[in-house]
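Chains G and F supply the protein sequences, listed in that same order. Counting with our numbering, you get residues 26 to 358 for the letters of the first sequence. Counting with our numbering, you get residues -6 to 202 for the letters of the second sequence.
Because the hints were derived from the structure by calculation, they are not lab data. Check the hints yourself; a few may be wrong.
What the hints assert, rightly or not - Straight-line Cα separation of at most 25 Å, DSS-like style, residue types lysine-lysine; simulated pairs:
hint, chain 1, residue 1, chain 2, residue 2
1, F, LYS16, G, LYS27
2, G, LYS28, G, LYS227
3, F, LYS160, F, LYS48
4, F, LYS91, G, LYS28
5, F, LYS6, F, LYS16
6, F, LYS6, F, LYS91
7, F, LYS91, F, LYS160
8, F, LYS91, F, LYS48
9, G, LYS227, F, LYS16
As the list claims (entries may be wrong) - Derived contacts from chain F toward chain G, CB cut-off under 8 Å, selection only:
hint, residue
10, ALA24
11, ALA29
12, SER56
13, GLN59
14, ILE66
15, ARG67
16, GLY71
17, LEU76
18, ARG171
19, GLN183
Keep in mind that this is a model prediction, so the values were computed, not measured. Using N, Cα and C, we set each Cβ at its ideal position, and we do this for glycine too.
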Amino acid sequence: MKKLINDPDQAVRESLVGLALAHPEILRVCFEPIYVVRVDAPRPGKVGLVSGGGSGHEPMHAGFVGRGMLDAACPGQVFTSPTPDQIEAATRAVDGGAGVLHIVKNYTGDILNFEMAAELCQAQGIAVRAAVINDDVAVEDSLYTAGRRGVGATVIAERLCGAAAERGWDLDRLEALCRRVNAGARSMGMALTPCTVPAAGKPNFELGPDEIELGIGIHGEPGRERTRWRPAREIVARMAEAILTDLPFERGDRVIAMVNGMGGTPLMELYLVYGELQPLLAARGIAVARRLVGNYITSLEMAGCSITLVRADEEMFSLWDDPVVTPGLRWGA
Amino acid sequence: MPVGRDEVAAWLKALSRVYADNKVWLTELDAAIGDADHGINLDRGFLALAAELDKNTAADIRSLLQTAAMSLIRHVGGAAGPLYGTFFLRAASACAGKQRLEAADVVALFEAGLQGIVERGRAVPGEKTMVDALAPAIEAMRRSLAASGGLGEILDVGAQAAEAGMKATIPLEARKGRASYLGPRSIGHQDPGATSAWLLVKTAAECWG
């Protein structure tokens, strides 16, 4: 293993030290327990927005803390959910009296830890709600699985809910917005290479030199199919097909689209992917009204990408355009 | 011989050694069907617990188990943190006010812990989880207790049943947690959670038997 770290056990903490030093005007980092919080929290009368999850997906979530997005983020160990004491402390730190919304990706660990934290907070009289993101079409949603994984839609939901919270929406309305974003969102990922969790020291799965994994999860979980490499055009077409037929998206839909890098993908390739995606959607009568192309929800140094489409309305586009000032997303300010 | 606070502390300390010794194995089992962190996470949590125990020498049985719960909840993460944390929280409540645990109290401790895991994780037997080791273990302990078995015997049959339950997860298809994403591809692998649960019971048998 060759990484820019000192000690695998300290990598998350030392990275957060750097995050705080790099963005002192936006956020600060608490270390006992670990959470990242806006410098101006709590904001009286504003609903607090808290998310969290394993580290290794940067900029998500800590890089989305700031005005117009999250009030706090709870980073766990690499690919491991944060613990209830972190989430509880973060929730208390951002509660401005209007309650706190937890945005939780659908993984068993995240769900259980956020649940325990919510119970702890409610016992202290803080109004806490949770909205779960589960947009990954690669996983069958059935009674017999933990359900669909939460992936790219998390970024979109955090942005839109962050904007709405800034406008003064109450907890009910924010929770409903988050569920609406999730309900209209579908994603799929693919991997060209595996990645190595620092504490494990070796790649989390193996891919042959000309193999790719379609439907990969953000922790390297296997997807729908392992197949031979093929041109980007074909890969994008297959991913788009899986996404479009699932919701299903329809002619006339207007969407927010995200082409996301897994961490080790050159931006050149991500733009190439977007260049394939937008015309493909246009040919189906689907208009991309807003888009993100870049690394937003990554898997360490994995090469590959994911595509997220969110069916959106004018209200969502308007929220999208509001100012946002975070390390990972910044415009309008 | 009944179990006092020193024996409970010895069990918790032994667990921290056991999970350190089995860190790589548990992580490898998890790599096959999960996300390759079960052993790493448990070792981190039980190491933190061992450090707490050294500071907390006056605690009674209930507060020792509560300390275990809070250490695991704070330091393990993943699904295992809340699940084992809830196990020890409920176990602590089951031991409230007791200075010594008779055989029936030990069975009650495990019953309460299992109930906590079932409620937190919403798992039933057969879904390839820690419940598949714990449920048969506690059922066997109950039967042994009813047949007037001594504590050593009760824990031995419990550990044997947990081991059998753990091995029986190999042909199962996972229906909970990250392994469930694999569907049929999870068949043929031993569940890491059932394995760490077996170690929990086995270590109690070794410490208290």
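We went through each hint and held it up to the structure:
no.	hint	result
1	F:LYS16 x G:LYS27	22 Å, holds
2	G:LYS28 x G:LYS227	11 Å, holds
3	F:LYS160 x F:LYS48	37 Å, violated
4	F:LYS91 x G:LYS28	51 Å, violated
5	F:LYS6 x F:LYS16	15 Å, holds
6	F:LYS6 x F:LYS91	20 Å, holds
7	F:LYS91 x F:LYS160	35 Å, violated
8	F:LYS91 x F:LYS48	22 Å, holds
9	G:LYS227 x F:LYS16	15 Å, holds
10	ALA24	7 Å, holds
11	ALA29	5 Å, holds
12	SER56	18 Å, violated
13	GLN59	14 Å, violated
14	ILE66	6 Å, holds
15	ARG67	5 Å, holds
16	GLY71	4 Å, holds
17	LEU76	7 Å, holds
18	ARG171	6 Å, holds
19	GLN183	18 Å, violated
Violated hints, listed in ascending order, are 3, 4, 7, 12, 13, 19; each of the other numbered hints is respected by the structure.
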